[in-house]
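> Chain by chain, the residues:
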Amino acid sequence: MTALAPAPTATTKPEVAPLGRMLLAQTWSELRIRWRIPAFSLTIVALPVLFFTFFGLPFARQTLANGTSLGAYLLASFAAYSVGSVMVFGFGIGVATERGLKVDVLMRATPLPPLIALLAKVLNALAYALLSLVILIAYGVVVGGVRQDPVVWIDMIARLLAGSVPFIALGFAIGYLCGPNVAPAVANLVYLPLSFASGLFMPLSQLPAFVRSIAPYLPAYHYGQLGWSAVGANTERLSVSIAWLAGYTALFLLIALRAYKREESRKFG
Amino acid sequence: MLGPNGAGKTTSISLMLGLRQPTAGQVRLFGRPPTDRRARSRCGVMLQESGTSSVLTVGEIVEVFRAYYPAPLAAARAIAMAGLTEQAAVRVGTLSGGQRQRLYFALAICGDPEILFLDEPTVGMDVEARRAFVASIQTLAAAGKTIVFTTHYLREAEEMARRIVVIDHGTVIADASPQELKARVPGKKITLIAGRPFANRDLEDLPASVLSVDGNRASLLSNEPVAVLRELFRRGVDVADLEVTGADLEEAFLALTRRPESAP
Chain A
6 MTALAPAPTA TTKPEVAPLG RMLLAQTWSE LRIRWRIPAF SLTIVALPVL
56 FFTFFGLPFA RQTLANGTSL GAYLLASFAA YSVGSVMVFG FGIGVATERG
106 LKVDVLMRAT PLPPLIALLA KVLNALAYAL LSLVILIAYG VVVGGVRQDP
156 VVWIDMIARL LAGSVPFIAL GFAIGYLCGP NVAPAVANLV YLPLSFASGL
206 FMPLSQLPAF VRSIAPYLPA YHYGQLGWSA VGANTERLSV SIAWLAGYTA
256 LFLLIALRAY KREESRKFG
Chain B
153 MLGPNGAGKT TSISLMLGLR QPTAGQVRLF GRPPTDRRAR SRCGVMLQES
203 GTSSVLTVGE IVEVFRAYYP APLAAARAIA MAGLTEQAAV RVGTLSGGQR
253 QRLYFALAIC GDPEILFLDE PTVGMDVEAR RAFVASIQTL AAAGKTIVFT
303 THYLREAEEM ARRIVVIDHG TVIADASPQE LKARVPGKKI TLIAGRPFAN
353 RDLEDLPASV LSVDGNRASL LSNEPVAVLR ELFRRGVDVA DLEVTGADLE
403 EAFLALTRRP ESAP
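Protein sequences appear in the order of chains A and B. To convert, count from 1 in the first sequence and add 5; that's the working numbering. To convert, count from 1 in the second sequence and add 152; that's the working numbering.
Since the hints were derived computationally from the structure, they do not count as laboratory data. Just so you know, not all the hints are guaranteed correct.
Stated by the list, open to error - These stretches of chain B come out as covered by chain A in the derived footprint (C-beta under 8 Å, 3 or more residues):
| hint | segment |
| --- | --- |
| 1 | 171-184 |
| 2 | 190-198 |
| 3 | 203-209 |
To be verified - Below, simulated SDA-like cross-link-like pairs (lysine to any residue); rule was C-alpha separation at most 20 Å, straight line:
| hint | chain 1 | residue 1 | chain 2 | residue 2 |
| --- | --- | --- | --- | --- |
| 4 | A | 272 | B | 168 |
| 5 | B | 334 | B | 351 |
| 6 | A | 107 | B | 332 |
In this text, a Cβ means the ideal position worked out from N, Cα and C, and glycines have one as well.
Using the sequences plus the hints, can you model the full thing?
Shown next as structure tokens:
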């Protein structure tokens, strides 16, 4: 008589937690952390609306020479400013703060893969960028009376979110180069003049000649083109702007990676 | 793992966890590199130099950490074992130093790990917190968990550990049970005051280790104080006053970790 081998009774415990569950939990906690830091949540929601009120509302109902609504053009400018600021401030100050608190040391000893942690940060930033855009555009439409086909707004949001990668890289570079006390200052000193000189606060035609001459070399200028292209007001060929943004992404990533590696060898060598 | 500050305790733990890379040799956890996710999923970790976001609550942060592990403990259970039930809804930023240390303990155990690495876990804990912590450790050990912890208090190691590895300057200088270790470290402290300053040869080759010599005053550690005194009298050392007391464990430990070149 052949006895059947007893079925294995030990339930096979999974060896690792599902990555999806890690990503969800991590993203949700990142969202909560950011929301509870008013210096971030309030700033990214309120500042673009405030800037648009000062620099955009007075001209919102005018039209450009080519027939584009000036209001839509300016809304696109501040939309670009807004997404860029979420990325530069969110990652720059966020990463520097975490390094200061040594959150990274403990996280490294957990089974959470660094790539999941990074992805959660990116999803979190995209969510806040989207929130900031929806509020800004709704404000422009309702208060500023800027009228566009809803598809145009969706197109603008999609272009700006997709093109935000160089600013994520810039944020990381600042976050790894600076300590938690220095990062906010550096982020402001880099990003505000950059936005201004790229024509995000007021159209380039209003700016001094030397600013106009350097703008085409700046990442925020080409990023602005993505927003303006959604309302048909871009002044550069889109492929040219995308190439510039890709180049800046590579540059910022290189700086971020070098700073990251330097820290790695110091902390975990 | 017992040793004075700078002994290499944290470095050892970091190597075991794959947080630092060894210059030679290799580390295996459950037969895998310590950086392997499958190995990490079976470890719990409490580090000295680490932190968490200060704006999340205790409960929230434990929930996030649970998601990293395949079969975590219930959050309430982990929080209770760390003695933080009352603080579960409190933001991390408002916790005291000792409570924060307990939070790190909750994070270390929430994944229901088979092995726990605790680097100086009791630093910053008050007496009561420490007692609760020791009880939790003993519960975990009774449940078959392996617990590796570092301390620079011999008393703490004796109280909690089944095996004590003493390290100093990156070298293992003893690896024994608390009983064996206790038998090896000198149990009595002899304090002598002589009629004249001590000479080097007065204290050479005694069955004791010399703690300090200051003019005509000397402190020795020994398990055979009578033999030490007999030998001193035989050498004609003019003992003016003497005191023999049970050695402070810290002093005994110092004698054990003392490197030859630093002896007086």
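> Confirm or reject each hint.
A quick look at each hint next to the structure:
1. 171-184: Held - the segment 171-184 of chain B has 3 residues with a Cβ nearer than 8 Å to chain A, which meets the minimum of three.
2. 190-198: Holds: 5 residues of the segment 190-198 of chain B have a Cβ under 8 Å from chain A.
3. 203-209: holds (count 6)
4. A:272 <-> B:168: Holds - the C-alpha atoms of residue 168 of chain B and residue 272 of chain A are around 15 Å apart, at most 20 Å.
5. B:334 <-> B:351: The given pair, whose Cα atoms are some 31 Å apart, is violated under the 20 Å limit.
6. A:107 <-> B:332: Violated: residue 107 of chain A and residue 332 of chain B sit about 39 Å apart, past 20 Å.
When each numbered hint is compared with the structure, violations occur for hints 5 and 6.
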